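Participant: Use these hints to put chain S with the ligands onto chain V, whose structure you have.
Chains as they are written, first to last, in the numbering used here: chain V, 1 to 331; chain S, 1 to 324.
By construction, these hints were calculated from the structure, which means they are not laboratory data.
Note that the coordinates shown come from a computational prediction; the quantities given were computed from them, not determined experimentally.
Where a beta carbon is used, it is the ideal one built from N, C-alpha and C, also for glycine.
One or more of the hints may lead you astray.
[What the hints assert, rightly or not] Facing chain V, a subset of chain S residues (Cβ under 10 Å, in silico):
(1) R33
(2) A126
(3) H128
(4) E301
[What the hints assert, rightly or not] Each pair of labels, with its calculated beta carbon distance range:
(5) V:P309 <-> S:T185: 52 to 60 Å
(6) S:K99 <-> V:N162: 44 to 52 Å
(7) V:A278 <-> S:T41: 44 to 52 Å
(8) S:D164 <-> V:R61: 55 to 63 Å
[Stated by the list, open to error] Chain V regions said to be covered by chain S (calculated; three or more residues, Cβ under 8 Å):
(9) 100-107
(10) 116-128
(11) 188-196
(12) 213-224
(13) 300-306
(14) 313-319
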Amino acid sequence: MSLPNFDQKAGLDRLRMMERIRAFEETACRAAIDEELVLGAIHLSIGQEAVATGIIENLRRDDYILSTHRGHGHTLAKGAQADAMMKELLGREGGCCGGKGGSMHIADFGVRMLGANGVVGANITIAAGAAHGIKLLGGDQIVVCFFGDGASNRGPFLEGVNWAGVFNLPILFVCEDNQYSASTLTSDMTSGSIADRARALGLRTTEADGNDVTTLAATAAEITARIRETGTPEFLMAKTYRISGHTYFDPATYRPEGEAERMQATTCPIARLREALAEAGVSTDELDGLAQEARAEMDRALDAAREAPWPADETAFADVQDIGSPLQEAF
Amino acid sequence: MPVMSYANAAKLAVAEAMRDDPTVWCVGEDLGRGGVFKQYTGLVEEFGPQRISDAPISEAAIMGAAFGAAMAGTRPIVEMRFADFALCATDELVNQIAKARFMFGGQSRAPMVIRKPMGMWRSSAAQHSQSLESWYTHIPGLVVCCPATPQDNYSMMKAAIACDDPVVYLEHKNIWSHEGEVDTTKSVDFGKAALRRSGRDVTLVSWSHTANLCAEAADTLASQGIEAEVLDLRSLWPWDKAAVFDSVRKTGRLLVAHEAVSVAGFGAEVVATVAQNIPMKTLPKRLGSPRGLIAYAPNLEDQMRVTAPMIATAAQDMMENEPA
Ligand SMILES: Cc1ncc(C[n+]2csc(CCOP(=O)(O)OP(=O)(O)O)c2C)c(N)n1
Ligand SMILES: [Mg+2]
Numbered sequence: 001m002s003l004p005n006f007d008q009k010a011g012l013d014r015l016r017m018m019e020r021i022r023a024f025e026e027t028a029c030r031a032a033i034d035e036e037l038v039l040g041a042i043h044l045s046i047g048q049e050a051v052a053t054g055i056i057e058n059l060r061r062d063d064y065i066l067s068t069h070r071g072h073g074h075t076l077a078k079g080a081q082a083d084a085m086m087k088e089l090l091g092r093e094g095g096c097c098g099g100k101g102g103s104m105h106i107a108d109f110g111v112r113m114l115g116a117n118g119v120v121g122a123n124i125t126i127a128a129g130a131a132h133g134i135k136l137l138g139g140d141q142i143v144v145c146f147f148g149d150g151a152s153n154r155g156p157f158l159e160g161v162n163w164a165g166v167f168n169l170p171i172l173f174v175c176e177d178n179q180y181s182a183s184t185l186t187s188d189m190t191s192g193s194i195a196d197r198a199r200a201l202g203l204r205t206t207e208a209d210g211n212d213v214t215t216l217a218a219t220a221a222e223i224t225a226r227i228r229e230t231g232t233p234e235f236l237m238a239k240t241y242r243i244s245g246h247t248y249f250d251p252a253t254y255r256p257e258g259e260a261e262r263m264q265a266t267t268c269p270i271a272r273l274r275e276a277l278a279e280a281g282v283s284t285d286e287l288d289g290l291a292q293e294a295r296a297e298m299d300r301a302l303d304a305a306r307e308a309p310w311p312a313d314e315t316a317f318a319d320v321q322d323i324g325s326p327l328q329e330a331f
Numbered sequence: 001m002p003v004m005s006y007a008n009a010a011k012l013a014v015a016e017a018m019r020d021d022p023t024v025w026c027v028g029e030d031l032g033r034g035g036v037f038k039q040y041t042g043l044v045e046e047f048g049p050q051r052i053s054d055a056p057i058s059e060a061a062i063m064g065a066a067f068g069a070a071m072a073g074t075r076p077i078v079e080m081r082f083a084d085f086a087l088c089a090t091d092e093l094v095n096q097i098a099k100a101r102f103m104f105g106g107q108s109r110a111p112m113v114i115r116k117p118m119g120m121w122r123s124s125a126a127q128h129s130q131s132l133e134s135w136y137t138h139i140p141g142l143v144v145c146c147p148a149t150p151q152d153n154y155s156m157m158k159a160a161i162a163c164d165d166p167v168v169y170l171e172h173k174n175i176w177s178h179e180g181e182v183d184t185t186k187s188v189d190f191g192k193a194a195l196r197r198s199g200r201d202v203t204l205v206s207w208s209h210t211a212n213l214c215a216e217a218a219d220t221l222a223s224q225g226i227e228a229e230v231l232d233l234r235s236l237w238p239w240d241k242a243a244v245f246d247s248v249r250k251t252g253r254l255l256v257a258h259e260a261v262s263v264a265g266f267g268a269e270v271v272a273t274v275a276q277n278i279p280m281k282t283l284p285k286r287l288g289s290p291r292g293l294i295a296y297a298p299n300l301e302d303q304m305r306v307t308a309p310m311i312a313t314a315a316q317d318m319m320e321n322e323p324a
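Isolated chain V, as found in the complex (with noise of 0.2 Å):
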């Protein structure tokens, strides 16, 4: 099904994209089951590429975006660069954290990206104080959170939501649904609808195919032009699927048989879009070219963070406080 006004460059700049982060995952899970080199969990977000991809593009390099503890895909869409994202997961120097806060706690504020949270659901009322703050400052940003069903269950969902609300705060919130949390069935432990929490706190609020790239990017072309315009916050629900398991150690054993391999067949946001610019006539060999050009980048960026040498020792104590140092007062 070809779209009638199909956008073909957009389509190969978000495949390229999604490659790019299908292929940095793809290696550092590699990296950590062929050589160990990754040294703590990491949560990898294959089938759920289209969200970071669709939203991300219609951010400026001075927006802010949060991310969860499944935020390489954020990352990356937001403009950071695969070679210090994998010198973080491989703990080294010149990590994005400096090696101190691996695939977990990756942030890159450079591209305005505050950062990944081991803590489920933490980064929701402090998306909303990203927001208080551009409104306090009088900027034009927005502010776009990233957040699991799962996380819809914690206090701070309902909390941060509701202060968007109140302070009529310039932020998109994306519940990123990709049915579990954990080896849990989202939905076992959810009462009621996610979106309807967000109506019922006065967000303006929108469902979509979190696995259809194009026309995710369109709906939140459209949203995020409203919330710039208005500065008033809004929600998004993109339904997706989580391929992998929770972590890339997790098996998954708890889904039912045949589930993940179902889902890829008929959901993956990459097959869609490649069958898309397909049948749009881009051949086969230029769609190939993509993924491996993504391939390539990430195997230099995995080159790169095997040579790159350990943190320096000392950096263990910097950057803990100014006052009371433990580069000044030990014990």
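Facilitator: Below, chain S with the ligands without anything else, positioned relative to chain V:
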């Protein structure tokens, strides 16, 4: 005697208590699939999803609702997954659970076990690695325990479930797979230290995984002719002052070691209490993490670690630097 892992020892205690008492139940995220560290594997099959209850990602509600259910006559075991996430339920624990009995003039009890896996574990970085046991020792109303061995994780879990006070139960994430013999007839009282090794030269006091490191350090010290006595406090509130006093009276030297930040750690409490009561041959010492944050990169993470060699070196120093 059966040999089992630290994780399975606690699981056995939970299962036995649940068989004995139908009011005991567990609640937390992912418990129906065995919990994040597999410390509940198989329990839902035996006890069903009501008593091995899944929960939304709602730490405040898990803690608060379990407390309500405790006041209504059940005995909940609350799983917080990581001690770090329990901070999302701090009001429920500190302002509500710990104070309810007193504030309500003794009308209510909160017989709860609050499990909070703690400590450093494979590059988990600053939000998944903390040892915050001293915080809870500061809160009147709470019992605090930190088992270090499979035996204690069995016996103390049994004691915690039987206890009518709320028990903050801190298991160490790095030792889930440690194996050891477990005597299921053995019971433990809170406030009784375990003598892990006896010796006449220096008293090493610790708890949780660091108690195991102290035992290791004592082996090294023994090869150098220094006889260290190792006391594993096992519970921090109440803690076994009598055993520590007796030991320090004998050795005249006290070294307390723990994984938590040294500043305002529970080691400070132990050292101060002993110093107020027992004359010593040397200045007492505490060994804990620097007041820094736990990083992801291993070389940075390691700088926050208290190791067995560090404990041995500190003890040697105390032997050598004896005032004349
Ligand atoms: C406050 C808190 N509770 C529990 C966890 C453990 N945990 C990490 S990810 C996760 C599942 C989150 O589900 P969801 O919000 O849907 O995000 P997803 O993992 O699906 O991206 C859980 C329970 C945590 N990190 N923080
Ligand atoms: Mg989810």
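Participant: Against this structure, judge whether each hint is valid.
Facilitator: Against the structure, the hints:
At a threshold of 10 Å, the smallest CB-CB gap from R33 (chain S) to chain V is about 4 Å, leaving the interface hint in force. For A126 (chain S), the interface hint holds, the least distance from its beta-carbon to any beta-carbon of chain V being 7 Å, beneath 10 Å. For H128 (chain S), the interface hint holds, the least distance from its beta-carbon to any beta-carbon of chain V being 6 Å, beneath 10 Å. The interface hint given for E301 (chain S) holds, since its Cβ lies 8 Å from the closest Cβ of chain V, which is under the 10 Å cut-off.
The beta-carbon spacing between P309 (chain V) and T185 (chain S), approximately 54 Å, falls within the hinted interval of 52 to 60 Å. Taking 44 to 52 Å as the suggested C-beta distance range, the pair K99 (chain S) and N162 (chain V) does not conform, at roughly 28 Å. Here the CB-CB span from A278 (chain V) to T41 (chain S) is close to 46 Å, well matched to the stated 44 to 52 Å. Our hint of 55 to 63 Å for D164 (chain S) and R61 (chain V) holds, since their Cβ atoms are close to 59 Å apart.
For the segment 100-107 of chain V, the assignment as covered by chain S holds, since 5 residues bring a beta-carbon within under 8 Å of that chain's beta-carbons and 3 suffice. Figure legend: the segment 116-128 of chain V, annotated as covered by chain S; annotation consistent (5 residues with Cβ-Cβ distances under 8 Å, at least 3 required). With a cut-off of 8 Å between beta carbons, the segment 188-196 of chain V has 3 residues touching chain S; three or more are needed, and the interface restraint holds. Counting residues of the segment 213-224 of chain V whose C-beta lies closer than 8 Å to any C-beta of chain S gives 0; at least three are required, and the coverage claim is violated.
Requiring three or more residues with a Cβ within less than 8 Å of a Cβ of chain S, the coverage given for the segment 300-306 of chain V is violated, as only 0 such residues are present. Remark: the segment 313-319 of chain V is confirmed as covered by chain S, as 4 of its residues place a Cβ nearer than 8 Å to a Cβ of that chain, reaching the required three.
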